Amino acid sequence: MRLSALLALASKVTLPRDYRYGMSRPGSLADRRKNPPGTRRRRVAVEPISDEEWHLFCGDTVEVLKGKDAGKQGKVVQVIRQRNWVVLEGLNTHYRYVGKTEEYRGTMIPSEAPLLHNQVKLVDPVDRKPTEVEWRFTEAGERVRVSSRSGRIIPKPDFPRADGIVPETWTDGPKDTSVEDALERTYVPCLKTLEEEVMEAMGIQETRRHKKVYWY
Amino acid sequence: MAAAGFGVLCRKVLIGLKVSRSLLNPKALASTGLLHTTLSTKGLEEFFDDPKNWGEEKVKSGASWTCQQLRNKSNEDLHKLWYVLLKERNMLLTLEQEAKRQSLPMPSPERLEKVIDSMDALDKVVQEREDALRLLQTGQEKARPGAWRRDIFGRIIWHKFKQWPIPWYLNKRYNRKRFFAMPYVERFVRLRLEKRARTEARKKSLEKKKEKFLQKKFPHLSEAQKSSLI
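Quick note, the sequences are listed as chains A and B, same order.
Using the working numbering, the letters of the first sequence map in sequence onto residues 1 to 216.
Using the working numbering, the letters of the second sequence map in sequence onto residues 1 to 230.
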């Protein structure tokens, strides 16, 4: 096996078969504290929704149907697909203490609890009322979410990237290729292997003769 | 908006594919007092990042090369790009090891993942081109010759051929390998078959049980499946 593949295997986080996904990122300190190796929790039933059917994305405005904050609208901050969960900003909160020490009781902060996908509904951008959503194709061939009540397209929302890159204000670093250089097409198909082409380009003459080898 | 966003994202290669050594000039480094002038590093400076990035918490880097972008590049370009990526990978691995040694977090470890992804994509593209050429010229599907053979355990395996300087009938080590199974192995072949049949049956019944459980929990699933099948 290639050494690089072996090292990659060693560093990859392997989760147990019955791992229950929670609010913490798998592999983080909090998750390792809550689920030490050998933890076996009761399995939760998660409705299998394919990637094509899923319609809730980060940055969407949705309305809560059930729960403490029923009827309120909020923005989706986090989507946990493994449990069909959606975390809204500032809604469905319970309170906990953070930064607790032996003497100090800590600061009380509201922390959001996740909601299932059937406990929230996407909001029509014009009506601002909750609607059922279908995936349909536009005339251009683009796959979009369409509200079944009014027929209006719900565009995919803008959400800042996890790596913090803002594409509009991006400048190339010294080791980055410019866009033109990266997209420039230099490939001319011909019946030569990479080795032959490179040898021709570098002017390498192969004068060694190949000795007969036996393959078995 | 999406198109502009894609256009602005950039890749990891030294500009114009020419290796610029001006940044890593020993004289420039010596003037900053960070390098000995008596010893020449003889290219070892390439194992380390640009001195401006030494001690930084985060280093900016663009996206990795995708397979489609690499397919548009000529073989010479890919050859040069491989070595550029290799040197960058070695630099990042040195940095990672040094950070581990000093028990400090590595600045921007996603750079290493991006370089590894780019190199894997490059390898995939080169393999695709080789496969296409070989299929056209010879019709062989596999690059390395081999054969289906029965080993001494009675299993049918794909034996990959090796290169030897002498023919098989003169090769003592090769002849010690037996590509046949004696009659007493038949019993174990049967047992293995039974075991395999048992595991497959168990997997199937587990799938059925899971399906039934999901149906019970989410009754609307069956209607959704029926409507999707229609």
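Since the hints were derived computationally from the structure, they do not count as laboratory data.
Computed from a predicted model, the values in this text were never measured in an experiment.
Hints should not be assumed to be uniformly reliable.
[Unchecked claim] Cut-off 20 Å, straight-line C-alpha distance, at most; resulting in silico cross-link-like pairs (EDC-like, lysine to aspartate or glutamate):
#1 A:K129 / A:D69
#2 B:K217 / A:E180
#3 B:K204 / A:D18
#4 B:K80 / A:E52
#5 B:K226 / A:E47
#6 A:K12 / B:D120
#7 B:K226 / A:E52
#8 B:K60 / A:E168
#9 B:K203 / A:E142
#10 A:K34 / A:E142
#11 B:K124 / B:E76
#12 B:K60 / B:E128
#13 B:K210 / A:E47
#14 A:K156 / A:E142
#15 B:K226 / A:E53
#16 B:K124 / A:D172
#17 B:K212 / B:E194
#18 B:K209 / A:E196
#19 B:K204 / B:E186
#20 B:K80 / A:D18
#21 B:K217 / A:E47
#22 B:K52 / A:E52
#23 A:K121 / A:E53
#24 A:K156 / A:D51
#25 B:K80 / B:E128
#26 B:K80 / A:E196
#27 B:K210 / A:E195
#28 B:K142 / A:E195
Status of each hint after checking the structure:
Taken as a hint, the K129 of chain A and D69 of chain A pair is honoured in the structure, with Cα atoms around 16 Å apart against an allowance of 20 Å. The hinted pair formed by K217 of chain B and E180 of chain A fails the criterion: a straight-line CA distance of about 54 Å is larger than 20 Å. Restraint check: the Cα-Cα separation between K204 of chain B and D18 of chain A comes to about 18 Å, which is no more than 20 Å; the hinted pair holds. Taking the CA atoms of K80 of chain B and E52 of chain A, the gap is near 39 Å; set against the 20 Å cutoff, the hint is violated.
Simply put, K226 of chain B and E47 of chain A have alpha-carbon atoms about 16 Å apart, close enough for the 20 Å limit, and the pair holds. For the hint pairing K12 of chain A with D120 of chain B, the CA-to-CA distance comes to about 17 Å; that is within 20 Å, so the pair holds. Between K226 of chain B and E52 of chain A the CA atoms are separated by roughly 17 Å; this keeps the pair inside 20 Å, and the hint holds. Straight-line distance between C-alpha atoms of K60 of chain B and E168 of chain A comes to about 15 Å, which keeps the hinted pair within the 20 Å bound.
Restraint check for K203 of chain B and E142 of chain A: not satisfied, since their Cα atoms lie roughly 39 Å apart, outside the 20 Å limit. With a C-alpha separation of about 43 Å, the suggested pair K34 of chain A and E142 of chain A falls outside the 20 Å cut-off, and the hint is violated. Taken as a hint, the K124 of chain B and E76 of chain B pair is honoured in the structure, with Cα atoms around 16 Å apart against an allowance of 20 Å. Under the criterion of a C-alpha separation no larger than 20 Å, the hint pairing K60 of chain B with E128 of chain B is inconsistent with the structure, at around 32 Å.
With a C-alpha separation of about 11 Å, the suggested pair K210 of chain B and E47 of chain A falls inside the 20 Å cut-off, and the hint holds. Proposed proximity of K156 of chain A and E142 of chain A is supported: the alpha carbons are some 12 Å apart, at most 20 Å. With a CA separation close to 15 Å, the supplied pair K226 of chain B and E53 of chain A stays within the 20 Å bound. Simply put, K124 of chain B and D172 of chain A have alpha-carbon atoms about 26 Å apart, too far for the 20 Å limit, and the pair is violated.
As the CA atoms of K212 of chain B and E194 of chain B are separated by approximately 27 Å, the hinted pair breaks the 20 Å bound. For the suggested pair K209 of chain B and E196 of chain A, the alpha carbons sit about 57 Å apart, so the restraint of at most 20 Å is broken. Using a Cα cut-off of 20 Å, the hinted pair K204 of chain B and E186 of chain B is violated, with the two alpha carbons roughly 27 Å apart. A hinted pair counts as satisfied when its Cα atoms are at most 20 Å apart, and K80 of chain B with D18 of chain A does not qualify at roughly 46 Å.
Taken as a hint, the K217 of chain B and E47 of chain A pair is honoured in the structure, with Cα atoms around 8 Å apart against an allowance of 20 Å. Distance restraint check for K52 of chain B and E52 of chain A: the Cα-Cα separation of roughly 46 Å exceeds the 20 Å cut-off, and the hinted pair is therefore not satisfied. For the hint linking K121 of chain A to E53 of chain A, the alpha-carbon distance of about 14 Å falls within 20 Å, and the restraint holds. For the proposed pair K156 of chain A and D51 of chain A, the alpha carbon gap of about 15 Å is at most 20 Å, so the pair holds.
Only pairs whose Cα atoms come within 20 Å are accepted, and K80 of chain B paired with E128 of chain B is accepted, the gap being roughly 18 Å. Of the supplied pair hints, the one linking K80 of chain B and E196 of chain A holds, its CA atoms being roughly 15 Å apart against a limit of 20 Å. Between K210 of chain B and E195 of chain A the CA atoms are separated by roughly 52 Å; this puts the pair beyond 20 Å, and the hint is violated. Proposed proximity of K142 of chain B and E195 of chain A is supported: the alpha carbons are some 18 Å apart, at most 20 Å.
Of the numbered hints given earlier, the model fails hints 2, 4, 9, 10, 12, 16, 17, 18, 19, 20, 22 and 27; all others are met.
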